[in-house]
Amino acid sequence: MASPTPTELDPSSELDAVADRGPLLSRESQTLRFLLSNEFGLIVLIAIFAGVFSLFTPGFTSPFNQFTLGRTMAIDIMIGFSMMVVIVTGGLNLSVGAIGVCAAIGFGWLVETLGLPLPMALLGALALGATLGTVNGILIVRSGLHSFIITLATMSIFFGVMVFLTHAEAFRIIPPEMSAFGKMRILSYVSPLLLISIAVGVLLTCLYRLTPLGREMLAAGAKAAAAELSGVRIGRTFVICHSLSGVLAAIAATMVVARNGAAIPSMAGGLGQDWLLPAVLGPVLGGTLLTGGRVSVFGTFLGSAFVTTLTNGLLQFRVGEFWLQTWLGGLLLLAVLIDLARRRYLARGGRRMA
Amino acid sequence: MTAPVLEARGISKSFPGVRALQDVSMTLGRGSIHALLGENGAGKSTLIKVVTGVHQLDAGTLLLDGNSVHFAGPREAIAAGIAVVHQERNLIPRFSVGENILLERLGDNLLRSVDHGAIHAEAKRWLDVLELDVDSRIPVSRLNVAKMQLVEIAKALSLRSRVLLLDEPTASLTPHETVVLFGLLRKLRDEGVSIVFVSHKLEEVQEICDQVTVLRDGRNACDSRSMAGLGRQDLVRLMIGRSEQIPNWSVRDRTTAEPVLELYGIATSIGHNGIDLTLHRGEILGLYGLIGAGRTELAKSILGIYRITSGEIRIGGQTAHIRSMAEAIHCYRLGYISEDRKQEGLILMHSVLENAGMTVWRKLAGAFGVLTDRTIRARVEPVIRQLDVRTPSLAQTVGNLSGGNQQKISVAKWLAAEVSILIVDEPSVGIDIKTKAYLHGLLRQLADRGTAILLITSDMPEMITLADRIAVMDEYRVKGVIANDRVYEGMSERIMHLIHGQEAA
Amino acid sequence: MSAALSRVLQADWFGPLAIVIVATLVIGSIEPSFLSSFNIQILLLAVAVNCVIAFSQMIIIAVGQMNLSVGAIGGLAAISFAGMMQVWGLPGPLAALAALAIGAAAGLFNGALIAATGISAFVVTLASLSVFKGINLGITRAQPFYGVPESVKAFGNTTFLGPIPWLVLPAILVVVAIMHLLNRQVLGRHILAVGGNQSAAELSGISVARTVVWTHAISGTLAALAGIMFVARLQLGQPSIGDDWLIPSFAAPVIGGAVLAGGHVSVSGTLLGVVIVAIITQALVIFRIDPFFVQVVLGFLILWAVGINRLREIRVERVLGRI
Numbered sequence: 001m002a003s004p005t006p007t008e009l010d011p012s013s014e015l016d017a018v019a020d021r022g023p024l025l026s027r028e029s030q031t032l033r034f035l036l037s038n039e040f041g042l043i044v045l046i047a048i049f050a051g052v053f054s055l056f057t058p059g060f061t062s063p064f065n066q067f068t069l070g071r072t073m074a075i076d077i078m079i080g081f082s083m084m085v086v087i088v089t090g091g092l093n094l095s096v097g098a099i100g101v102c103a104a105i106g107f108g109w110l111v112e113t114l115g116l117p118l119p120m121a122l123l124g125a126l127a128l129g130a131t132l133g134t135v136n137g138i139l140i141v142r143s144g145l146h147s148f149i150i151t152l153a154t155m156s157i158f159f160g161v162m163v164f165l166t167h168a169e170a171f172r173i174i175p176p177e178m179s180a181f182g183k184m185r186i187l188s189y190v191s192p193l194l195l196i197s198i199a200v201g202v203l204l205t206c207l208y209r210l211t212p213l214g215r216e217m218l219a220a221g222a223k224a225a226a227a228e229l230s231g232v233r234i235g236r237t238f239v240i241c242h243s244l245s246g247v248l249a250a251i252a253a254t255m256v257v258a259r260n261g262a263a264i265p266s267m268a269g270g271l272g273q274d275w276l277l278p279a280v281l282g283p284v285l286g287g288t289l290l291t292g293g294r295v296s297v298f299g300t301f302l303g304s305a306f307v308t309t310l311t312n313g314l315l316q317f318r319v320g321e322f323w324l325q326t327w328l329g330g331l332l333l334l335a336v337l338i339d340l341a342r343r344r345y346l347a348r349g350g351r352r353m354a
Numbered sequence: 001m002t003a004p005v006l007e008a009r010g011i012s013k014s015f016p017g018v019r020a021l022q023d024v025s026m027t028l029g030r031g032s033i034h035a036l037l038g039e040n041g042a043g044k045s046t047l048i049k050v051v052t053g054v055h056q057l058d059a060g061t062l063l064l065d066g067n068s069v070h071f072a073g074p075r076e077a078i079a080a081g082i083a084v085v086h087q088e089r090n091l092i093p094r095f096s097v098g099e100n101i102l103l104e105r106l107g108d109n110l111l112r113s114v115d116h117g118a119i120h121a122e123a124k125r126w127l128d129v130l131e132l133d134v135d136s137r138i139p140v141s142r143l144n145v146a147k148m149q150l151v152e153i154a155k156a157l158s159l160r161s162r163v164l165l166l167d168e169p170t171a172s173l174t175p176h177e178t179v180v181l182f183g184l185l186r187k188l189r190d191e192g193v194s195i196v197f198v199s200h201k202l203e204e205v206q207e208i209c210d211q212v213t214v215l216r217d218g219r220n221a222c223d224s225r226s227m228a229g230l231g232r233q234d235l236v237r238l239m240i241g242r243s244e245q246i247p248n249w250s251v252r253d254r255t256t257a258e259p260v261l262e263l264y265g266i267a268t269s270i271g272h273n274g275i276d277l278t279l280h281r282g283e284i285l286g287l288y289g290l291i292g293a294g295r296t297e298l299a300k301s302i303l304g305i306y307r308i309t310s311g312e313i314r315i316g317g318q319t320a321h322i323r324s325m326a327e328a329i330h331c332y333r334l335g336y337i338s339e340d341r342k343q344e345g346l347i348l349m350h351s352v353l354e355n356a357g358m359t360v361w362r363k364l365a366g367a368f369g370v371l372t373d374r375t376i377r378a379r380v381e382p383v384i385r386q387l388d389v390r391t392p393s394l395a396q397t398v399g400n401l402s403g404g405n406q407q408k409i410s411v412a413k414w415l416a417a418e419v420s421i422l423i424v425d426e427p428s429v430g431i432d433i434k435t436k437a438y439l440h441g442l443l444r445q446l447a448d449r450g451t452a453i454l455l456i457t458s459d460m461p462e463m464i465t466l467a468d469r470i471a472v473m474d475e476y477r478v479k480g481v482i483a484n485d486r487v488y489e490g491m492s493e494r495i496m497h498l499i500h501g502q503e504a505a
Numbered sequence: 001m002s003a004a005l006s007r008v009l010q011a012d013w014f015g016p017l018a019i020v021i022v023a024t025l026v027i028g029s030i031e032p033s034f035l036s037s038f039n040i041q042i043l044l045l046a047v048a049v050n051c052v053i054a055f056s057q058m059i060i061i062a063v064g065q066m067n068l069s070v071g072a073i074g075g076l077a078a079i080s081f082a083g084m085m086q087v088w089g090l091p092g093p094l095a096a097l098a099a100l101a102i103g104a105a106a107g108l109f110n111g112a113l114i115a116a117t118g119i120s121a122f123v124v125t126l127a128s129l130s131v132f133k134g135i136n137l138g139i140t141r142a143q144p145f146y147g148v149p150e151s152v153k154a155f156g157n158t159t160f161l162g163p164i165p166w167l168v169l170p171a172i173l174v175v176v177a178i179m180h181l182l183n184r185q186v187l188g189r190h191i192l193a194v195g196g197n198q199s200a201a202e203l204s205g206i207s208v209a210r211t212v213v214w215t216h217a218i219s220g221t222l223a224a225l226a227g228i229m230f231v232a233r234l235q236l237g238q239p240s241i242g243d244d245w246l247i248p249s250f251a252a253p254v255i256g257g258a259v260l261a262g263g264h265v266s267v268s269g270t271l272l273g274v275v276i277v278a279i280i281t282q283a284l285v286i287f288r289i290d291p292f293f294v295q296v297v298l299g300f301l302i303l304w305a306v307g308i309n310r311l312r313e314i315r316v317e318r319v320l321g322r323i
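Residue numbers (this note's numbering), protein chains in the order written: chain A, 1 to 354; chain B, 1 to 505; chain C, 1 to 323.
Honestly, the hints are just simulated from the structure, not real lab data.
Hints may be right or wrong, so weigh each one.
Just some of the chain B residues that point at chain C, by a computed CB distance under 8 Å [to be verified]:
#1 Val54
#2 Arg75
#3 Pro93
#4 Arg94
#5 Phe95
#6 Glu104
#7 Leu106
#8 Gly107
#9 Ser113
#10 Val114
#11 Val145
#12 Met148
#13 Ser158
#14 Leu442
Here are the simulated SDA-like cross-link-like pairs (lysine to any residue), alpha carbons at most 25 Å apart as the crow flies [as the list claims (entries may be wrong)]:
#15 B/Lys147 - C/Ser268
#16 A/Lys183 - A/Ile48
#17 B/Lys300 - C/Ile314
Have a look at the derived ranges for each label pair, beta carbon to beta carbon [stated by the list, open to error]:
#18 B/Asp340 - A/Ser266: 46 to 54 Å
#19 B/His321 - C/Ala261: 53 to 61 Å
#20 C/Ala4 - B/Asn273: 28 to 36 Å
These numbers come from a predicted model, not from an experiment.
Ideal Cβ placement from N, Cα and C applies to all residues, glycine included.
If we strip away everything but chain A, and leave its shape as in the complex, we get (with noise of 0.2 Å):
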């Protein structure tokens, strides 16, 4: 039963809310809230968790296990991104593992067949993730339908039509400079890929709070019908989303490309499927909505970056690889359900400040 919105009661509690809340939300409060935030909350486990690998575990702080866990966590933060930038519109991408896989195919395929250059096949291989991306956005905004029917549908004809043309045969001959730079390490600790997923939180951070396409989405995700009564073209804003969301999964392929030195059509599990827990795992724990509407980049990265820190000490413990999922699923459930607790702390103490 979803409780009404404070609007539709009473303008009697226009002074309360402005006297009472205003200057008694002062430091003290904010300072909670900010200790209660998605943001500080996984700093602190990624803190205790890593504490714990490194003190139990005698690889998790090797130079080595730090690169491959700097490289893993790229890939998913990446992934992570390309599913937040479509729940900013209140809905889901399940197709990212198979525009995914179908962009690291068709880089493999401009790269040996073709032979193009390098540079260009990158670019062949993000305009290909943009296409289809651009593809679900139109479906989507044309047929009026949720993403989820409409992503699913596509999940399946992408991940088809690629391994249909492919015939699920890998491409192996990698540029060597591809190869290397997966394997390039900076101060023997950090892959280049980390960086790269870096740069692209620090662009999306700056799409949100510094453009208007940024905010037009925000608003489209959080109420189409006022957004488009105050003049954002939602229809194109919702298949720009779409189109971002392909790119990124694209770039997130591409580096499993230059981890694995080949482009493999079973890098993402049957339809790419392997990529949807991580994909929503990041933006769920880093506090994005899934109604939409509000997004944290930062929170998404730490969400990411949580997941593959745990997944690689788990790993170092020897846990058993074949329990790592339940974990993970278990990992998601717990965050979800302290996330509902922490909203519900916050409310309560809204209400008592009034």
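Please build the complex by placing chains B and C on the supplied structure of chain A, with the hints as guidance.
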């Protein structure tokens, strides 16, 4: 008064950030029709939801036959003999009329079978009681709004409850349907049923109710007093805390100013036909009509939301083809304040700054498309200050502000956009009297400064206060345009005559 | 007469039925072996198992939610079923009952979490998909259980009355039960009421939470049944059972005219949706087209079906709006 059946004592209820009810009491006698009055937002619906177990009360007691009761959910209230027709539609669209009427009585035993034959036989009885000629087997989604309303009433009646709460039951009924309903309510009262009747139509209240409770700002303005001796003005004074005041503004005639928005023979894909209207610079043109007359839809057609199939729109003398709201704002400087603030007007989860600046983002973006909060603030802050919006800061979430302040923000974004034509749709729904008066003054001021305003409202006094000319709409057509002489009695009569007179012809 | 005709034309099952008939005639005339007894047996087998999967999703669609963990529950039930027979030597029926109970419990877990917390079904079932699949892999270490008794194997691979596989029996039971549930039972009506208008249902005294929990329990049980049927057909407890159920589980109900927002599903339409998918899969095999192409066809089928449903809705709205 006979022994009370249902008694609410000292009820308080808060939602995060808002006190909806404070120490409210109401005593419902056996066999009486009890009016529950108050302005929008006074807390009537909240009180009804507390009494029927939808909301849990924070403080106070509910007494049923003198015994304290607590309803954890609607189910328990229904079981205790309290039935309700809520303000919002509560039917399952794809279910048959019969099944909707008897939904409560499907029973609690999940594995029991449903006897559709018996359901329709029983439902037919209640439809007959209401003189409603509807096949109980067709899905509710095929009915019009008035029939749906009657089905909801049949649904509440079928529970044969001792207490019946009706929240605005006549809002979409025809006069004849209302008469039938009132006859039925009187009969139920004589059989001993206690009825709570919420309505905005004071004539109806005076006609049928024998007790009255008035809420103002979530508190009792009066608690269960007899209707006898209370006149319309007394009720109004109780509701708004003072008598109705209509500002005595001078009659204006702007038809000699240059026309800024002209409609010639407009027909739309949703059914308007042959609409001719002219709006002049600095003029307030009222668009009056009953709910469903097609006024909001006409506004949205002008703004490019619905398709115009024939005719011509001219803005500033030039033929205009508006394909979207974005074009309307940026190319033609047209603005629209929606009647549905929560869905179409504002983004409640976003801040004051975001909401008030939404219309000017594109315009304000600087080099490389960069748009900082500081830029928006510079544009928005003066407007927010001018409108005297009470908010702790521009970063405040709009959902936490009162209805009046929210409405000011939905006005503010059009002031920030500096529109020259403003369409205002039901501007005073759900806001307090003080803000309402303020808004009226503001609209008048805007018009005096040259903004052309198309005012849509169902509130007759508001219309006669504000409009310079009034266009009367019915069934997606303009029935006539009359100049407003600001004499209430004569004007309201002429308006109603335009609506009904042509109906009879 | 014309009213009756237009009612038939507008029924959910009409379009899919027309497709089934036309497809059968066309494929049968090009390749007569399509209608051979062997082929019909294969078709019936596919329909029997897949319709249980589809109903497991359909019931959740009816209440206005989605269940991504249908496949994971099916897989977990399948390996439990096979595992209990191999490791503990339980007789087939007993192991099947236990596996159904596991499915019901998994569904209850989903439903209880969704109802109690109000978290979206998408997130909860995505998480539980991972949990159930992880348990599956943790138990099996990705290796199949081979010790399936002969009786179970026979049930999955023999026929009666000519080409009719025994596996059709549980499927028919499910179809009848679901039809009865949704049309004639209080629980079924509650499910559709909650899916149709949740707040109205709540205000009419229907417990939304209880309805949601029950719906998920039924969905879990059906998914488990599908898993058991898979084991009988494959003759082994394969850990990968259920991995590829997601798309078909949505395809059939949607082809059958289900409204994804909830409140309206069609049992006969869904059944025909399953038949269409089976015919297309089989046709691709017969015409020696790459089996991967099934994915593409399934995707387009979903798009086509939701497009049609949407058009129908728009038309209804238009008719209602102006009368």
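So, going through the hints one by one against the coordinates:
1. Val54: 7 Å, holds
2. Arg75: 4 Å, holds
3. Pro93: Cβ of B/Pro93 sits 6 Å from chain C, so the hint holds.
4. Arg94: 5 Å, holds
5. Phe95: 7 Å, holds
6. Glu104: 5 Å, holds
7. Leu106: With a minimum Cβ separation of about 5 Å from chain C (threshold 8 Å), the hint on B/Leu106 holds.
8. Gly107: Holds, because the Cβ-Cβ distance from B/Gly107 to chain C comes to roughly 6 Å (cut-off 8 Å).
9. Ser113: Hint holds; B/Ser113 Cβ to chain C Cβ min 5 Å, cut 8 Å.
10. Val114: With a minimum Cβ separation of about 5 Å from chain C (threshold 8 Å), the hint on B/Val114 holds.
11. Val145: 10 Å, violated
12. Met148: This interface hint is violated because 11 Å lies over the 8 Å limit.
13. Ser158: 11 Å, violated
14. Leu442: Given a least distance of 35 Å, the restraint on B/Leu442 is violated.
15. B/Lys147 - C/Ser268: 32 Å, violated
16. A/Lys183 - A/Ile48: With a Cα-Cα distance of about 28 Å, the restraint between A/Lys183 and A/Ile48 is violated, given a limit of 25 Å.
17. B/Lys300 - C/Ile314: Judged against 25 Å, a Cα distance of about 19 Å means the pair holds.
18. B/Asp340 - A/Ser266: 46 to 54 Å: 50 Å, holds
19. B/His321 - C/Ala261: 53 to 61 Å: 35 Å, violated
20. C/Ala4 - B/Asn273: 28 to 36 Å: 34 Å, holds
Hints 11, 12, 13, 14, 15, 16 and 19 from the earlier list are contradicted by this structure; the remaining hints agree with it.
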